[in-house]
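> Generate coordinates for the entire structure from the input sequences, incorporating the hints supplied.
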Amino acid sequence: MSNVILFNLTTVLFGVASGLYLGALYAKKDGIAVAGTWVCVLAAVVSTAALGLRWYESYMMGIGRIPVTNLYESLVFFAWAVNLFYLIVERKYRSRTFGAFVMPIAFFTMLFAIKNDSSIQPLVPALQSYWLHAHVITCFIGYAAFAVSAGVALMYLLKARQEAAKATEGVVGLFPGTKTLDDLVYRAIIWGFPFLTAGIITGAAWANYAWGTYWSWDPKETWSLIVWLVYAAFLHARITRGWHGRRAAILSITGFLATVMCYLGVNLVLSGLHSYGGG
Amino acid sequence: MVDEKRAPAPMDRVWSFFTSVKLAIVTLIVLAATSIFGTIIEQNQPPEKYHQVYEDWAFALLDRLNLFDMYHSSWFLFILVLFTVNLSCCTIDRFPKMLKVVRNPRRKLDENLEKTLSLSDRWKRKGALSDWSGKYADALSSSFAKPAVTEDGGAVHLYSEAGVASRFGVYVVHTSIVIIFVGAILGNVLGFKGYVNIPEGEAVSQVPVRGGSRVQDLGFTLRCNAFSLETYPSGQPKAYKSDLSVIDGGRETLRKTIVVNDPLRYNGIWFYQSSYGQAGGATAQVTVAKRDGTPAGSLSLAANEPVPIAGYGVVRGINYDRNFQGNGPALQVAVEKPGKPAVSFWILQGRPELDRRRDDTLVFSFGGLNSKMYTGLQVAKDPGVNVVWFGCALMVVGLIMAFFLSHQRVWVRLSPGADGRVEVVLAASASRNRLAFEKKFERILTGVKAEGQ
Ligand code: HEM
Numbered sequence: 019m020s021n022v023i024l025f026n027l028t029t030v031l032f033g034v035a036s037g038l039y040l041g042a043l044y045a046k047k048d049g050i051a052v053a054g055t056w057v058c059v060l061a062a063v064v065s066t067a068a069l070g071l072r073w074y075e076s077y078m079m080g081i082g083r084i085p086v087t088n089l090y091e092s093l094v095f096f097a098w099a100v101n102l103f104y105l106i107v108e109r110k111y112r113s114r115t116f117g118a119f120v121m122p123i124a125f126f127t128m129l130f131a132i133k134n135d136s137s138i139q140p141l142v143p144a145l146q147s148y149w150l151h152a153h154v155i156t157c158f159i160g161y162a163a164f165a166v167s168a169g170v171a172l173m174y175l176l177k178a179r180q181e182a183a184k185a186t187e188g189v190v191g192l193f194p195g196t197k198t199l200d201d202l203v204y205r206a207i208i209w210g211f212p213f214l215t216a217g218i219i220t221g222a223a224w225a226n227y228a229w230g231t232y233w234s235w236d237p238k239e240t241w242s243l244i245v246w247l248v249y250a251a252f253l254h255a256r257i258t259r260g261w262h263g264r265r266a267a268i269l270s271i272t273g274f275l276a277t278v279m280c281y282l283g284v285n286l287v288l289s290g291l292h293s294y295g296g297g
Numbered sequence: 002m003v004d005e006k007r008a009p010a011p012m013d014r015v016w017s018f019f020t021s022v023k024l025a026i027v028t029l030i031v032l033a034a035t036s037i038f039g040t041i042i043e044q045n046q047p048p049e050k051y052h053q054v055y056e057d058w059a060f061a062l063l064d065r066l067n068l069f070d071m072y073h074s075s076w077f078l079f080i081l082v083l084f085t086v087n088l089s090c091c092t093i094d095r096f097p098k099m100l101k102v103v104r105n106p107r108r109k110l111d112e113n114l115e116k117t118l119s120l121s122d123r124w125k126r127k128g129a130l131s132d133w134s135g136k137y138a139d140a141l142s143s144s145f146a147k148p149a150v151t152e153d154g155g156a157v158h159l160y161s162e163a164g165v166a167s168r169f170g171v172y173v174v175h176t177s178i179v180i181i182f183v184g185a186i187l188g189n190v191l192g193f194k195g196y197v198n199i200p201e202g203e204a205v206s207q208v209p210v211r212g213g214s215r216v217q218d219l220g221f222t223l224r225c226n227a228f229s230l231e232t233y234p235s236g237q238p239k240a241y242k243s244d245l246s247v248i249d250g251g252r253e254t255l256r257k258t259i260v261v262n263d264p265l266r267y268n269g270i271w272f273y274q275s276s277y278g279q280a281g282g283a284t285a286q287v288t289v290a291k292r293d294g295t296p297a298g299s300l301s302l303a304a305n306e307p308v309p310i311a312g313y314g315v316v317r318g319i320n321y322d323r324n325f326q327g328n329g330p331a332l333q334v335a336v337e338k339p340g341k342p343a344v345s346f347w348i349l350q351g352r353p354e355l356d357r358r359r360d361d362t363l364v365f366s367f368g369g370l371n372s373k374m375y376t377g378l379q380v381a382k383d384p385g386v387n388v389v390w391f392g393c394a395l396m397v398v399g400l401i402m403a404f405f406l407s408h409q410r411v412w413v414r415l416s417p418g419a420d421g422r423v424e425v426v427l428a429a430s431a432s433r434n435r436l437a438f439e440k441k442f443e444r445i446l447t448g449v450k451a452e453g454q
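Chains as they are written, first to last, in the numbering used here: chain A, 19 to 297; chain B, 2 to 454.
For the record, the hints were derived by calculation from the structure and aren't laboratory data.
Every residue gets a Cβ at the ideal spot worked out from N, C-alpha and C, and that includes glycine.
Wrong hints could be hidden among the right ones.
Said to hold, decoys possible - Calculated lysine-lysine pairs in the DSS-like style (CA-CA distance at most 30 Å, straight line):
#  : chain 1 : residue 1 : chain 2 : residue 2
1  : A       : Lys238    : B       : Lys440
2  : A       : Lys197    : B       : Lys116
3  : B       : Lys450    : B       : Lys136
4  : B       : Lys242    : A       : Lys133
5  : B       : Lys257    : B       : Lys242
6  : A       : Lys110    : B       : Lys450
7  : A       : Lys238    : B       : Lys50
8  : A       : Lys110    : B       : Lys116
9  : B       : Lys50     : A       : Lys110
10 : B       : Lys382    : A       : Lys197
11 : A       : Lys238    : B       : Lys116
12 : B       : Lys239    : A       : Lys110
Claimed, not checked - Just so you have them, the derived chain B footprint on chain A, three or more residues with Cβ under 8 Å:
#  : segment
13 : 214 to 220
14 : 249 to 258
Claimed, not checked - Here are the in silico distance ranges between beta carbons for each label pair:
#  : chain 1 : residue 1 : chain 2 : residue 2 : range
15 : B       : Asp218    : A       : Leu286    : 40 to 46 Å
16 : B       : Arg95     : A       : Ser234    : 46 to 52 Å
17 : B       : Arg444    : A       : Thr198    : 21 to 27 Å
18 : A       : Thr66     : B       : Asp111    : 52 to 58 Å
What follows is the structure in structure tokens.
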């Protein structure tokens, strides 16, 4: 199927972009990073086309559904959103150093995605719901924002350590100042948080329409709540003395680890523990 | 004593404990961390199942800590209550202060305020102060928002603001959390959840409640008229439907075909298509005729159940094949005639004439398998659900207000300068997104400065 070929191409482009950004940091040449930006733009075009094509192909197969309904598709959608978010951040903050920390997330996500079944499968009845589609899309936009935030939080921790040591040399010296980084960690989350909130709500609405219970404490739901609580803690950490900066950055990274657990861990780790079944 | 004055009274200490944001952070993290247990330990399973997994001491410990049903345990509930008290106290503490600030903003740009504002500019103009203040008030109105004018000992202060709603966003979010809790409690106290299987053609007026032995009266009768299943070519289910009727007061008051994701609602009770299955065993429909074609009755054969035919023998359906040797559905029948050994043979649904070739007084033809299905319905009554949705909508609105609106304030001070000219200071601040506001500030500044030039 041609959409899969385009997604494979996207994977290569993400890999090249990550390499260019890392290379630019290492060689301290902004020119290399500029090339990275153009590769990202190309990847955005290719992956958007691939998503559209996949949608179209599902119609041609008589299944006709939005491409966000299985593991492969949601991973791809996540990588697509991370890339887009990254490009926005790069433009707004006029610094290409973020790329080295954010684009590898998109790249590894795609590597993981292409190991999964990429065929277009028909939907079982429970999944035939607009609420579900809204749920997946909002959640993954949220996750993408959290990924960007966590990447920048990592930069913050490195930079803060260097500033404490009053050093400016090395790769870290090229990063924007801690104030900018701290601000960006926060800004990514104020985009992610409303989307995650909307994602949990639409998920609850879906569950309510399908089963008559909007909340049943199943592991997936519970983990999404855990993620939400961690980011709520982050938001309050920012407005509290003594919880700025370092602790807030750690909360952002913790939040993203919880996100990964919510998304992959529940299916891969916990379902091995007992009989949850895929979800 | 000096110390006595400094040490806060006990009540104040309690109050500041419950209004502290640090407590909120700790509670949020504790809620997040403890919630993990319930995702690792499977919840609400029968004890036998736990004994298979855990040693006796571990079972006793986990049971003691309520970790087998932790989300309804008293300690988890306690954290939730603490959280809610914290949230409420914090709101009660801060909301009036915020309201006071919003109602009574600092309309005068004094030296202290000026120092805290990073966006500012100053210039001088010749002419009468009152002329300039009028002009600048108009300019501010057209480039930003209509200002409030305050005169104070020869100086004139203009103050205008936009996006005050942003200050309320946080309170909307916090209130929405409490509303969602209220909705959840309403649903738990006044509602019920149940599950029922209804075979086709049958009806129920009571539903067993989940997680208990209680039975809930519906107050009406629900009948399943028919059930149908559609599959993809691969055999996966594509859609399943139940044709349901509500019978209330002796007559049908509602009829609806429900599918997954599209429930039926009557009197506040919702019925959700949830599962399906075969109701009892299938029966094979067999018609019997004499060799000359005169009908000799029709049989409904349950698996292996003997059915006598007077003057002939006993007939049993012993086997069914969906595709017998490539000829479609077929039934294997065993016939025992008095004093003779039993014989068995296949009859094909698609080719009834073949049975005539058998040397017998009766000819059998197979009309197909008749399997009665049942539909499995989740039943729920949740009078709090709309309260929950209202809270959810409010939360999203509140988040947007808090994060994407910005309280923007602009001050202009005109004062008589030592050289007889009018000294003008314009300063501004924004509660959010300062980067974007800087551009807006430049526009406002240019607009105001150009006035009267
Ligand atoms: C999961 C629960 C909670 C959520 C989703 C939530 C949400 C929020 C949000 C979105 C903000 C704005 C943050 C910002 O501007 O960056 C905020 C601020 C705040 N929250 Fe919460 N909150 C929660 C629980 C609490 C609790 C329990 C308290 C109790 C003390 C609290 C106290 C505050 C305070 C004092 C502020 C700052 C208000 C201000 O800026 O004037 N929050 N909250």
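> Evaluate each hint against the coordinates.
Tested hints:
1. A threshold of 30 Å between alpha carbons decides the hint, and for Lys238/A with Lys440/B the separation of about 44 Å lies outside it, so the pair is violated.
2. Simply put, Lys197/A and Lys116/B have alpha-carbon atoms about 21 Å apart, close enough for the 30 Å limit, and the pair holds.
3. Under the criterion of a C-alpha separation no larger than 30 Å, the hint pairing Lys450/B with Lys136/B is consistent with the structure, at around 10 Å.
4. In summary, the hint linking Lys242/B to Lys133/A is not supported, as the alpha carbons are separated by about 36 Å, beyond the 30 Å threshold.
5. Between Lys257/B and Lys242/B the CA atoms are separated by roughly 10 Å; this keeps the pair inside 30 Å, and the hint holds.
6. At roughly 29 Å between alpha-carbon atoms, Lys110/A and Lys450/B fall within 30 Å of each other, so this suggested pair holds.
7. Our distance criterion of 30 Å between C-alpha atoms is met by Lys238/A and Lys50/B, whose separation comes to about 22 Å.
8. Our distance criterion of 30 Å between C-alpha atoms is met by Lys110/A and Lys116/B, whose separation comes to about 29 Å.
9. Between Lys50/B and Lys110/A the alpha-carbon distance is near 55 Å, which puts this suggested pair outside the 30 Å criterion.
10. With a C-alpha separation of about 51 Å, the suggested pair Lys382/B and Lys197/A falls outside the 30 Å cut-off, and the hint is violated.
11. A C-alpha spacing of about 51 Å is found between Lys238/A and Lys116/B, which places the hinted pair above 30 Å, so the restraint is violated.
12. For the hint pairing Lys239/B with Lys110/A, the CA-to-CA distance comes to about 46 Å; that exceeds 30 Å, so the pair is violated.
13. Remark: the segment 214 to 220 of chain A is confirmed as covered by chain B, as 3 of its residues place a Cβ nearer than 8 Å to a Cβ of that chain, reaching the required three.
14. Check on the segment 249 to 258 of chain A: 6 of its residues sit with their Cβ under 8 Å from a Cβ of chain B, so the three-residue criterion for coverage holds.
15. Between Asp218/B and Leu286/A the C-beta distance comes to about 45 Å, which sits within the given range of 40 to 46 Å.
16. Remark: the range hint 46 to 52 Å for Arg95/B to Ser234/A is contradicted by a beta-carbon distance near 34 Å.
17. Between Arg444/B and Thr198/A the CB atoms are about 24 Å apart, so this pair conforms to the stated range of 21 to 27 Å.
18. Take Thr66/A and Asp111/B: their Cβ atoms lie about 54 Å apart, and the range 52 to 58 Å holds.
Of the numbered hints stated above, those contradicted by the structure are hints 1, 4, 9, 10, 11, 12 and 16, listed in ascending order.
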